[in-house]
Amino acid sequence: MRDDNSSKDAKRTEDLIQRLINNDSDAVEQFFVEYEPAVSRYIVHTVPDITEEDLADVVQETFIGALRSLKDYRGDSSLTTWVLRIAHYKAVDALRRRQVMNKREEAIENMSSDEVSFVGTASADVEEDVVDEQDIALVRQALASLPPDQRQALTLRYVNGLRVDDVAATMNVSRRKAELLITKGRAALRERLIELDVRP
Amino acid sequence: MTFCQTPRSRWSSPQFTEHALAESARRALTLSAARQAMVLAALLAEAARLRAAQLRRMRRHAEVRRAIARLSPPALALSGLLVACLSACVAYLLVGGVRAPTDAYLNGRAVIGEMRRAPTGLTWSVARPPETWQDHALHHGDEVLAITPVTLTFANGWQATAMPGSRLRMLFDGNGLALLHGEVAAFIANSNGDADELRIETTAGSITAQGTRFRVRVESDLSVSAFADEGRVTVTNDAGAVANVSVGEQVRLRAGAPLKVELQVPRVTFRTYAKDRVISNSPHVPFSARILPRATLIVEEALSGRQFARYIADADGVVEGTLPAIEGSVVLRFSQAAPDGRASAPSQPVEIAIDRQAPMLAVTRALRDGNKVQVAGQTEIGAQVWVNDVRVTPGADGFFSFEGDALWDAASVVVTAIDAAGNATRIVQTLDR
Chain X
1 MRDDNSSKDA
11 KRTEDLIQRL
21 INNDSDAVEQ
31 FFVEYEPAVS
41 RYIVHTVPDI
51 TEEDLADVVQ
61 ETFIGALRSL
71 KDYRGDSSLT
81 TWVLRIAHYK
91 AVDALRRRQV
101 MNKREEAIEN
111 MSSDEVSFVG
121 TASADVEEDV
131 VDEQDIALVR
141 QALASLPPDQ
151 RQALTLRYVN
161 GLRVDDVAAT
171 MNVSRRKAEL
181 LITKGRAALR
191 ERLIELDVRP
Chain L
1001 MTFCQTPRSR
1011 WSSPQFTEHA
1021 LAESARRALT
1031 LSAARQAMVL
1041 AALLAEAARL
1051 RAAQLRRMRR
1061 HAEVRRAIAR
1071 LSPPALALSG
1081 LLVACLSACV
1091 AYLLVGGVRA
1101 PTDAYLNGRA
1111 VIGEMRRAPT
1121 GLTWSVARPP
1131 ETWQDHALHH
1141 GDEVLAITPV
1151 TLTFANGWQA
1161 TAMPGSRLRM
1171 LFDGNGLALL
1181 HGEVAAFIAN
1191 SNGDADELRI
1201 ETTAGSITAQ
1211 GTRFRVRVES
1221 DLSVSAFADE
1231 GRVTVTNDAG
1241 AVANVSVGEQ
1251 VRLRAGAPLK
1261 VELQVPRVTF
1271 RTYAKDRVIS
1281 NSPHVPFSAR
1291 ILPRATLIVE
1301 EALSGRQFAR
1311 YIADADGVVE
1321 GTLPAIEGSV
1331 VLRFSQAAPD
1341 GRASAPSQPV
1351 EIAIDRQAPM
1361 LAVTRALRDG
1371 NKVQVAGQTE
1381 IGAQVWVNDV
1391 RVTPGADGFF
1401 SFEGDALWDA
1411 ASVVVTAIDA
1421 AGNATRIVQT
1431 LDR
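Taken in sequence, the protein lines are chains X and L. The first sequence lines up with residues 1 to 200 when you count with our numbering. The second sequence lines up with residues 1001 to 1433 when you count with our numbering.
Hints in this document: simulated from the structure, not taken from any laboratory. A few of these clues could be false.
What the hints assert, rightly or not - Across the chosen pairs, the derived CB separations fall in these ranges: (1) L:R1066 / X:D76: 33 to 41 Å; (2) L:T1120 / X:D93: 22 to 30 Å; (3) L:Y1092 / X:D26: 52 to 60 Å; (4) X:D149 / L:A1033: 45 to 53 Å; (5) X:D93 / L:V1111: 57 to 65 Å; (6) X:D149 / L:R1057: 56 to 64 Å.
Here the structure is a predicted model, which means the values were calculated and not measured. We put the beta carbon where it would ideally sit given N, CA and C, even for glycine.
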């Protein structure tokens, strides 16, 4: 049953790609509607503090890049992996262009104790398994401070929900390397979160 | 305000961290419907642009396919052949096609310029570095700059020797060469009935010969001299005038001047030359000369014009003799008078000097270090030095230095200097240890 579904999905994707190569407008719309959420999530977790306007720009660049280079798509990775790889390059471009990363690092380094206390004052019950907005802010802050390859691996694995194989394909590394990046990234993220999560 | 870090944070739990990451994804910033519409509109516009470009490409390809399809197979093959022929013709016209080989082979050290000529008349040369060539096949148009005497041997046995510094080019048509600079001595031995001719072209005219021995020289004033040493050569100047030059005769080709055949200036050879003069340690200087058979070699002093000596050549035109005793130095000129009464022009003056003085020789170091021997010193400029039996060439200033294995088991070396006149100085030097 599962095999039937996956083969149907593959055929559907193949059909979509063929129609995209012919620049069919319905196919373009379907492509955008299906893949935009994953692309947006990835970009949001790669480019810290991105505004909606900038996100729209990077998403647009990603999909236009995908349309233009579809003729080079050889089908040796899933369409999601391929689109996310393009999204990664566009996100890195955006980071470079606007030096968001530098600003972010400066902001972290210059963060005053008042700001830290603000994070602490509105804390939820530590023992409860409830994730609040401050936890989300902490997670993104900690994620942004990780080395780029670890951040990319964690984002692809936990934010976009890709399998390890797809993470490896998107990052163009071996499966073993992808596993290592995810394991190390997870440990580094926890350490960073413990460090940042200062509560009274 | 005091803070303390939570002793056991929720973040210590991997599950909580992964859960927080998933929540972060769920609550991530998303594009509003309006933004999505704007991005989608931009994408559709791009897709339309790409589609239009795609259609244009497809139309062009279809037109080409239709044009090819309209051609019948024979017409298609003919078109391909035509395109290939046209391409080959254009390449041949521009690049120059194949280099045609001559039947001449070169031996000697020379620089060779491989000449190429396109049918359009465009010619260019690719120079090969100096090399000692052995039986190198020459092609039409190749240029040769002789570093040592260089011999061209033709398949039929003809030989042409270019003197050092001479420059020549193989002609593009027929058997022949163009002499651009220097001198060529040719020996053509045609077998019976063979009517082949060797042609040497110069800027002043051409020389053709059949079964003979002759020389052609480009003079410093760019006139050309041709000498017949055996048989007969035919000379044609740039005005079209023709002259036959017999054995022992020469002709000078000058632009605008008539051809005048005259007796060759005698070629006199001495055993010892030093730079531009003959030098000897004996007052009786030996020489040899080649003139017409039974002709008279006349030797006279260049400055006074006084006759110095006369010699009669043998039946082969050879003179071998010794000049009358000379003291100090004398400047002589040589000419010949044929039995039929004709006389040649005199040769260039030749200074003959008698030097009986032994060359200066000083040994400044003679050292034996184990099996090595070092000898150094100074001698007269132009003299040669021998250390025991080993020849050592001094520098232009006369200083020399020798270092070698002590093959002899002696406490001394013999150093000998011999000057150009043949005078010698010999020193037996004790080796320091």
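Inset, instruction - Could you work out which earlier hints the structure fails to respect and list their numbers in ascending sequence? - result: Numbers 2, 4 and 6 - these are the hints that the structure violates, sorted from lowest upward.
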